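K.L.:
As you go down the protein sequences, you meet chains A and B in turn.
The end of the first sequence is residue 176 by our numbering, with every number in the run present.
The end of the second sequence is residue 1441 by our numbering, with every number in the run present.
Please keep in mind that the hints were generated in silico from the structure rather than gathered at the bench.
Keep in mind that the hints are not guaranteed to be accurate.
[Claimed, not checked] Here are the simulated lysine-lysine pairs, PhoX-like style, with alpha carbons at most 25 Å apart:
id	chain 1	residue 1	chain 2	residue 2
1	B	K1012	B	K1045
2	B	K1015	B	K1045
3	B	K1012	B	K1111
4	B	K1111	A	K4
5	A	K104	A	K87
6	B	K1111	A	K3
These numbers come from a predicted model, not from an experiment.
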Amino acid sequence: MRKKIYLILAVLLQCAFIAAVPLPKLFARLTGQEITIKTAPVDPYDFLSGYHVILSFDISQVPSEPSTHQLMFRYAENQVLYNVLIKGEDGVWQSQSIHTQYPKGIPDGAAVIKGKMNGWRIEYGIEKFFIPEEYRQDIERDLRQNQRQALVDIKVDRFGNAALLRLRIEDRVYEF
Amino acid sequence: MDSNKVSTSFRKRLKLVIPFWLEQGFLTHQQGDQLSEFYHLEQIKTENTHLLLSVIYTIGSILIGVGVISFVAAHWNEIGRPMKVTMLFAAMLFAHGLGLYFWFINGNYPKLGHALILLGTLIFGANIGLMAQIFHISGGAGRMYGVWAIGAAAVAYAVRSIPNATVAVVMSFIFCMSYRDYFWGVHQPIFWYPFVAVIFLVPLVYLCNSRWLLWLVMINLAVTSPLVFGQFAEFTGAYMVTVALGAAFLAWGMINQENPRFPHFSGNCSNAGVIMILLFVYLLSFYDCAEEIKGRFLFKTNIASIFGCVFLLGCIGVYIFSVFRYYSKCRDIISVLLLGAGGLILGAQGMMGLPVLTQVLANILLAVIAANFIRASYCEEDRRKFWGGAVILGAIIIGRTLEFETDLLIKAIAFTGSGIGVIVGGVMFENFLKKRKVLHA
């Protein structure tokens, strides 16, 4: 009898995990502000979730010299960082400033995205774009031919959490 | 002796010979019946059938589980996201529910029920993968495996399931390893992993009473701990953690020996401990490895270092406690020698920074250990110890021959001589055993 109850509790825990895993992304999708950022992708395979494109964003790069060294020493590995983004004239959002705390008094129209220092770049938890197996070769070819034109639309909530929506290459939209 | 502690192969052989002994008059029918009853010989056929059924059901569940995971990975776009989520969630609940029914409610198909609960856990992993896919979750695929491990461990604890515990150990191992950078060591803060593994996985070994799980957990710790803590004192950390963990395994063996319910774990733990310490000494018998740790005793002052030191001191502390507590019953006196000499090597290394001294000490120590194994094999008439000693001697000779820039002719002589020496030693040992048998007879 006790084993039965324990098993039911364990299965309920599994259900709670399934619900909890996407919660921050779901919140960002429902409440976040939509912005567009520039990317340059490559594609590996994940046993659990299948083929995906790994995205490397312009806003992931740490600022160029001389601040590169300053940033590397100023921020420790895995340190949480907040990147203030502003919309450019071409509609693509770009990094304006990087902070260790959620910035106060950000300019109107700016967005804040939360990331983590990982090696030489900042990761935002949106670096994987999962794609169906059947579209894999098409997307691969498209990316190879138009790598510098790739953009992604994301949503950023008020805490800085980001959720990936779609990949755009010129007028083609990939949303799965 | 408890009849349950006897191996199935022994019982099978006993069942075969009893009719012969009865025929020869070595046993009376009453004694034969008593033996059959004591060792539950009539149940052997049923046990075999149950084992076969368990294996078949488990393989079936694994295949279905991999099929479901592959379906998720295929990212088939013909079905909408809500439908996919509903299907997979329902499949998980259905597998668990059916398992619960067959195992605990209906009770007629416990093996099938157990396998279905395993399937439920595998589909739980597929559900996690689906969520990652739908919401494009990144930031360490390892986290998904970590969540999978927790879910599997919860079920394993609930129903004392070895297959679910196996999933938990394997997934937690993948979780830990996914945070490893192959060039720069562990670059993510998972210094807590070995502690969590000890706290949550070791009790599962006892709860499921499984040697398979015991080895799995020990291998997991043996690989992950040096990698996780290896960086806390540069490369020296990995060596120190390896020898400390070996000591902890030896202590674990002594503690199990005194445990009336789990004495059968004792030998496995001791063997793992001896293997780890031998590996440590063998690595230091190479000049490059000895050179690698030269003078690198400066601890980094970060939280990972503190956790690493706590882990190291904890292992050594458990070992010292066990030696003092169980010394009179401790069979592995050799382990004391090993650890003492290991400490000596590190001490000499730290104070003087002489890799040659470390190398020489490590080689002498290995030779002493090999000699001790061979001596013990003669005293205890134990073939395994003899071959253990022979393998260590062979490893020393091969290591030194490959390491030093010697002529091929010298290498040829060394290898041929070693081979002949091992064979001659083996023949001498077999003759010794034969003579002993004649004397005993």
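K.L.:
Would you mind marking each hint as holding or not holding in the structure?
P.N.:
Hint by hint, here is what the structure shows:
{"no.": "1", "hint": "B/K1012 <-> B/K1045", "result": "holds (9 Å)"}
{"no.": "2", "hint": "B/K1015 <-> B/K1045", "result": "holds (11 Å)"}
{"no.": "3", "hint": "B/K1012 <-> B/K1111", "result": "holds (23 Å)"}
{"no.": "4", "hint": "B/K1111 <-> A/K4", "result": "holds (15 Å)"}
{"no.": "5", "hint": "A/K104 <-> A/K87", "result": "holds (18 Å)"}
{"no.": "6", "hint": "B/K1111 <-> A/K3", "result": "holds (15 Å)"}
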